[in-house]
Amino acid sequence: MADEIMLLDWWSSMFGMRVRIALVEKGLKYESREEDLNNKSPLLLEMNPVHRKIPVLIHNGKPICESPIIVEYIDEVWKDKSPLLSTDPYQRAQARFWADYIDNKIFQLGGKIWTSKGEDQEAAKKELMECLKILEGELGEKPFFGGENFGFVDVSLVTFSCWFYTYESFGNFSIEAECPKLIAWTKRCLQKSSVSSSLPDSLKIHDFVLQLRKKFGIE
Amino acid sequence: MAEEVKLFGKWASPFCCRIEVALKLKGVEYEYIEEDMLNKSPALLNYNPVHKKIPVLVHNGKPIAESLVIMEYIDETWKHNPILPIDPFEKAMARFWAKFIDDKFWALWPGVKKAITSSGEKEREEGIEEAQLHLNALETQLKEKKFFGGEKLGFVEISASLLIWIVVFQEVMGVEILTQEKFPALHKLTQKFVDDDVFKQCVPPWEPLVAYFKAQWGTLAASK
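Protein sequences, first through last, are from chains L and D. 107 is the number that our numbering gives to position 107 of the first sequence; each next residue is one higher, with no gaps. 213 is the number that our numbering gives to position 213 of the second sequence; each next residue is one higher, with no gaps.
Among the hints, erroneous ones may be present.
Simulated crosslink set (DSBU-like; lysine-lysine; CA at most 35 Å straight-line) [to be verified]:
(1) D:Lys6 <-> L:Lys53
(2) D:Lys99 <-> L:Lys117
(3) L:Lys142 <-> D:Lys52
(4) D:Lys10 <-> D:Lys188
(5) L:Lys204 <-> L:Lys187
(6) D:Lys52 <-> L:Lys62
(7) L:Lys133 <-> D:Lys40
(8) L:Lys79 <-> D:Lys79
(9) L:Lys192 <-> D:Lys24
(10) L:Lys133 <-> D:Lys192
(11) L:Lys215 <-> L:Lys26
(12) D:Lys53 <-> D:Lys114
(13) D:Lys6 <-> D:Lys122
(14) L:Lys79 <-> D:Lys114
(15) D:Lys40 <-> L:Lys112
(16) D:Lys188 <-> L:Lys79
(17) D:Lys188 <-> D:Lys114
(18) D:Lys122 <-> L:Lys187
(19) L:Lys126 <-> D:Lys53
(20) D:Lys79 <-> D:Lys114
(21) D:Lys192 <-> D:Lys52
Incomplete in silico selection of chain D near chain L, CB under 8 Å [what the hints assert, rightly or not]:
(22) Gly61
(23) Glu72
(24) Gln132
(25) Lys143
Calculated from the structure, these hints are not laboratory results. Here a beta-carbon is modelled for each residue, glycine too, at the ideal position from N, C-alpha and C.
Okay, chain L solo, but in the shape it has when bound:
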């Protein structure tokens, strides 16, 4: 029986992008449904009643929520192709640790940069750069966080790269200036079709945020 896979998504969500990448890495066919986050569908509310958020993966009618959990699920079910996590428990623990670190830091700090100004914005910029430097240190000389191969941490972080231009533009700073190896890594990742096909254009995101800022009166 063919697998039925549906992804409830939103085009600019870094979290949704992670799932897209994982599905393409595994060569899976799926139906993608774009949610209107201001008017959430009955299906979304039914499949994710707890958080009412995207992404939600629906596999043969069963929903899985929270992007790191979804990506691990995909990796476990379709384990024969393009593994994203090592089989070694220690490597897996390190990958989960860094994915957790990314989730606790990057989204909030990046969001603060484009929604605030003055001292708040400066503080967020400083902290974001510290986090990115730590991540760059973890990458080291490896081509990917996963080592020779693109892996779980790469999936978790690369989806923020299309938001970097937005952060830099509204925060008036350059990520590449302080983290050149990290930017080189994003370019390396973008050479993979799973990544380039899953990430929207940086300018499109910037324009979207410009509209959001106007809507919320952030200037």
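Position chain D relative to chain L; hints supplied.
Just chain D, lined up with the frame of chain L:
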């Protein structure tokens, strides 16, 4: 080669308690090292340079940090008495609920803090109400779920053991937040932990725990 397992922890921490439960369920021998969080050891700073927090598990010299990550590592390394389900979907559900419990625990903390540090009755009550909002979310979701029905303790239940600390907070504050009438499912769960043989060995002794938080919060209230 003999296994060397060390756990850097703090006796009063619910996150360390989880790890001790997991290790004991697996019958893993370990050395426990108590950390003074006001004077962190060079070893801790070396093993967890990113967060500088406990718990940290060190297995044959290799460190793992973050309690849920550590629990999964323990389950994958010592495969008998599995904590997580084998089925990928059930596993995903277990991970989801464990994270939900963690998120709610952190979310209710500002309300608790408000209640402790407020001088006014009204503010204190507001703090309690805010905390109860998050407990409500937990209660609603958990009472429909099956994973507390079984005899065995699994990933979600071990994660949920930090709810006992809410009962500790109540005693420290002299206020009931997790009442049996408002939160029957949560209340039943905390009782289950208190009665369980493995948990009993890992949950710190009651009175010292209450005294510890009373002292901590005395500082909090005073610093306001």
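Checked hints:
1. D:Lys6 <-> L:Lys53: 39 Å, violated
2. D:Lys99 <-> L:Lys117: 32 Å, holds
3. L:Lys142 <-> D:Lys52: Between lysine 142 of chain L and lysine 52 of chain D the Cα gap is close to 25 Å, so the pair holds against 35 Å.
4. D:Lys10 <-> D:Lys188: 27 Å, holds
5. L:Lys204 <-> L:Lys187: The given pair, whose Cα atoms are some 18 Å apart, holds under the 35 Å limit.
6. D:Lys52 <-> L:Lys62: 39 Å, violated
7. L:Lys133 <-> D:Lys40: 24 Å, holds
8. L:Lys79 <-> D:Lys79: 19 Å, holds
9. L:Lys192 <-> D:Lys24: 44 Å, violated
10. L:Lys133 <-> D:Lys192: 45 Å, violated
11. L:Lys215 <-> L:Lys26: 39 Å, violated
12. D:Lys53 <-> D:Lys114: 24 Å, holds
13. D:Lys6 <-> D:Lys122: With a Cα-Cα distance of about 46 Å, the restraint between lysine 6 of chain D and lysine 122 of chain D is violated, given a limit of 35 Å.
14. L:Lys79 <-> D:Lys114: Violated, at about 47 Å.
15. D:Lys40 <-> L:Lys112: Holds - the C-alpha atoms of lysine 112 of chain L and lysine 40 of chain D are around 31 Å apart, at most 35 Å.
16. D:Lys188 <-> L:Lys79: Not satisfied, since the Cα-Cα distance of roughly 39 Å exceeds 35 Å.
17. D:Lys188 <-> D:Lys114: 27 Å, holds
18. D:Lys122 <-> L:Lys187: Violated, at about 55 Å.
19. L:Lys126 <-> D:Lys53: Status holds; Cα separation ~22 Å.
20. D:Lys79 <-> D:Lys114: 43 Å, violated
21. D:Lys192 <-> D:Lys52: 32 Å, holds
22. Gly61: 11 Å, violated
23. Glu72: 7 Å, holds
24. Gln132: Given a least distance of 18 Å, the restraint on glutamine 132 of chain D is violated.
25. Lys143: 14 Å, violated
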